[in-house]
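Colleague: Going line by line, the protein sequences match chains A and B. Counting in the working numbering, the first sequence runs from 1 upward without gaps. Counting in the working numbering, the second sequence runs from 1 upward without gaps.
Any given hint could turn out to be false.
Identical copies carry no separate label here, and so any pair may be met within one copy or between two of them.
As the list claims (entries may be wrong) - DSS-like mimics (lysine-lysine), calculated; alpha carbons at most 27 Å apart, straight line: (1) Lys33 - Lys9; (2) Lys234 - Lys175; (3) Lys97 - Lys145; (4) Lys168 - Lys139; (5) Lys225 - Lys211.
Since the hints were made in silico from the structure, they are not lab data.
There are 2 protein chains.
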Amino acid sequence: MAENYKKNKVAFQGEIGAYSEEAALKFFNKDVKTIPCATFEDVFRLVEKGKANYGVLPIENSLEGSVGQNYDLLLKTNLKIFGELILRVEHCLIAEKGVKLDSIKDVYSHLQALGQCQEFLKKLNVRLIPFYNTAGSVKMLKTKKLKNSAAIASERSARVYNMNILKKGIETNKKNFTRFFIVSKKEKGQTKNDKTSIVFTLKHSPGTLYKALGIFSICDINLTKIESRPIIGKPFEYNFYLDFEGHYKDKIIIEVLEILKQNCLFLKILGSYPKAKIEF
Amino acid sequence: MAENYKKNKVAFQGEIGAYSEEAALKFFNKDVKTIPCATFEDVFRLVEKGKANYGVLPIENSLEGSVGQNYDLLLKTNLKIFGELILRVEHCLIAEKGVKLDSIKDVYSHLQALGQCQEFLKKLNVRLIPFYNTAGSVKMLKTKKLKNSAAIASERSARVYNMNILKKGIETNKKNFTRFFIVSKKEKGQTKNDKTSIVFTLKHSPGTLYKALGIFSICDINLTKIESRPIIGKPFEYNFYLDFEGHYKDKIIIEVLEILKQNCLFLKILGSYPKAKIEF
Chain A
1 MAENYKKNKV AFQGEIGAYS EEAALKFFNK DVKTIPCATF EDVFRLVEKG
51 KANYGVLPIE NSLEGSVGQN YDLLLKTNLK IFGELILRVE HCLIAEKGVK
101 LDSIKDVYSH LQALGQCQEF LKKLNVRLIP FYNTAGSVKM LKTKKLKNSA
151 AIASERSARV YNMNILKKGI ETNKKNFTRF FIVSKKEKGQ TKNDKTSIVF
201 TLKHSPGTLY KALGIFSICD INLTKIESRP IIGKPFEYNF YLDFEGHYKD
251 KIIIEVLEIL KQNCLFLKIL GSYPKAKIEF
Chain B
1 MAENYKKNKV AFQGEIGAYS EEAALKFFNK DVKTIPCATF EDVFRLVEKG
51 KANYGVLPIE NSLEGSVGQN YDLLLKTNLK IFGELILRVE HCLIAEKGVK
101 LDSIKDVYSH LQALGQCQEF LKKLNVRLIP FYNTAGSVKM LKTKKLKNSA
151 AIASERSARV YNMNILKKGI ETNKKNFTRF FIVSKKEKGQ TKNDKTSIVF
201 TLKHSPGTLY KALGIFSICD INLTKIESRP IIGKPFEYNF YLDFEGHYKD
251 KIIIEVLEIL KQNCLFLKIL GSYPKAKIEF
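Could you build the full structure based on these sequences and the hints that come with them?
Modeller: Set out below in structure tokens:
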């Protein structure tokens with residue numbers, strides 16, 4: 001039976017219409033109330049304080065790489081990863097109704113989105129103006145009623161602000177996906193198709209990373225991602241973030257983590273959650 | 001005998017007075033002509049075209065993590081890493097001469113620098129205005145002769161633009177270091193105190209990362225960093241960037257890389273260079 005998330009509150013970073021909000025609505029089947037937040041930290045805080053049931057956070061993009069700040073915040077929170085979602089990022093050129101493509105002189109969006117649409121924008125011969133986020137640039141166009149201007153954002157943000165899509169799918173590389181984590185105080189039970197995320201600090205002796213990965217290899221546990229992040233205050237020492245298949249309550253995983261601990265100064269389970277499919 | 005770099009041209013990203021320029025002058029003992037570039041790509045291009053002898057690029061910061069864009073550019077270039085330098089980042093509050101600390105209302109700088117000085121700025125009760133880079137914000141204050149305004153940047157940038165330092169060392173965390181790579185067409189010979197950087201793509205079979213790291217472990221080669229970056233166009237597949245001790249012309253390293261290749265779809269040596277000390 002599908003879970004019922006009706007009336008649940010879901011926090012996300014960005015303006016209404018942001019890709020993170022789209023991820024939230026896809027994950028929860030539109031049954032939830034979304035709450036926009038100014039920063040990723042605010043998303044964590046709202047869920048930690050019980051003012052939201054869930055938080056949705058981008059964790060990596062297939063073109064740009066990992067969102068380091070969210071990895072750092074996961075290290076500190078007592079929330080667990082409840083789910084993951086992979087969203088196809090499709091950028092649209094958006095303007096006020098009645099504005100035509102050949103009258104556009106200025107294009108506003110997040111610097112990353114401008115970069116991802118470079119080839120399309122080159123042909124337009126327009127001025128590029130970096131803005132703090134994508135959906136926010138659509139909202140700004142709407143509020144200021146700017147003529148000869150367009151924004152780059154999601155299809156949904158055009159609908160939300162009642163604006164016109166001049167062109168859809170303007171990104172250079174179509175293999176543009178963002179992976180999101182859903183965090184919560186609640187934990188997700190075993191589904192036999194799970195992934196687990198952990199973070200650890202290795203003891204200072206040669207070959208410890210090799211030994212740590214060896215435990216997984218010997219037990220035939222498939223690693224899906226490894227990420228190193230600097231430890232704040234310890235220049236050029238790193239925490240390792242590892243994703244692997246299985247649930248932390250599975251018998252074999254319990255044993256593996258017990259052995260891994262012996263090679264670590266610190267180990268934290270960030271959560272176990274059903275594996276995502278790529279969403280189109 | 002120390003090398004003589006006189007009249008060599010060194011490209012860096014940012015405005016005159018940037019931390020990257022400081023790194024260049026420290027590495028080459030002030031004997032060189034520095035060339036400011038708008039983007040990291042421009043730095044690579046200038047050296048590739050022979051218009052500069054060297055390029056200086058930030059590769060990781062001890063608080064913020066890796067500079068993913070430069071890892072991606074290293075993958076594509078035919079330049080080699082010629083050296084590394086670790087620079088202590090010390091932020092200063094800078095204003096026009098005669099402007100007093102208690103008259104400051106607006107503070108301009110790169111968003112990252114504003115974040116790193118948060119505790120100091122909270123006490124000042126000022127408005128924070130993000131700017132595209134640190135030294136550029138000092139230049140802008142100078143050009144526009146803004147009153148009641150200050151910028152956050154390096155001590156050197158205050159000297160360069162003939163401005164006044166209101167307060168030095170305003171960063172919250174003093175363990176703030178940036179590691180730079182110096183890239184060139186030239187290669188650096190063996191010094192017996194070297195590091196090597198490589199990038200590789202593993203074959204798709206279980207445990208390949210474990211096996212790859214095992215080769216280093218068995219041969220007692222010390223790994224100093226591992227970094228994964230998404231492969232553009234292959235969502236959620238990764239290239240691994242590895243730093244280890246030794247020179248790629250050392251007999252043992254030649255053998256290790258030969259074995260490693262058998263586990264890889266792709267392997268590239270980014271360069272071998274003398275290990276950096278932390279510079280204060």
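Colleague: Now look at each hint and say whether the structure bears it out.
Modeller: The hints, checked one at a time:
1. With identical chains, the CA atoms of Lys33 and Lys9 are at most 27 Å apart within one copy only, with a shortest distance of 5 Å there and 57 Å across copies.
2. Taking CA atoms no more than 27 Å apart as the test, Lys234 paired with Lys175 passes between copies only; the shortest distance there is 7 Å, against 36 Å inside one copy.
3. Taking identical chains as interchangeable, the C-alpha atoms of Lys97 and Lys145 lie at most 27 Å apart only when both belong to the same chain, with a minimum of 10 Å there against 41 Å between chains.
4. Only within a single protomer do Lys168 and Lys139 lie at most 27 Å apart by alpha-carbon distance; the minimum there is 18 Å, versus 40 Å between protomers.
5. Proximity of Lys225 to Lys211 under the C-alpha cut-off of 27 Å is found in both arrangements, the shortest distances being 17 Å within a copy and 16 Å between copies.
This entry satisfies every hint, going by the numbered hints stated previously.
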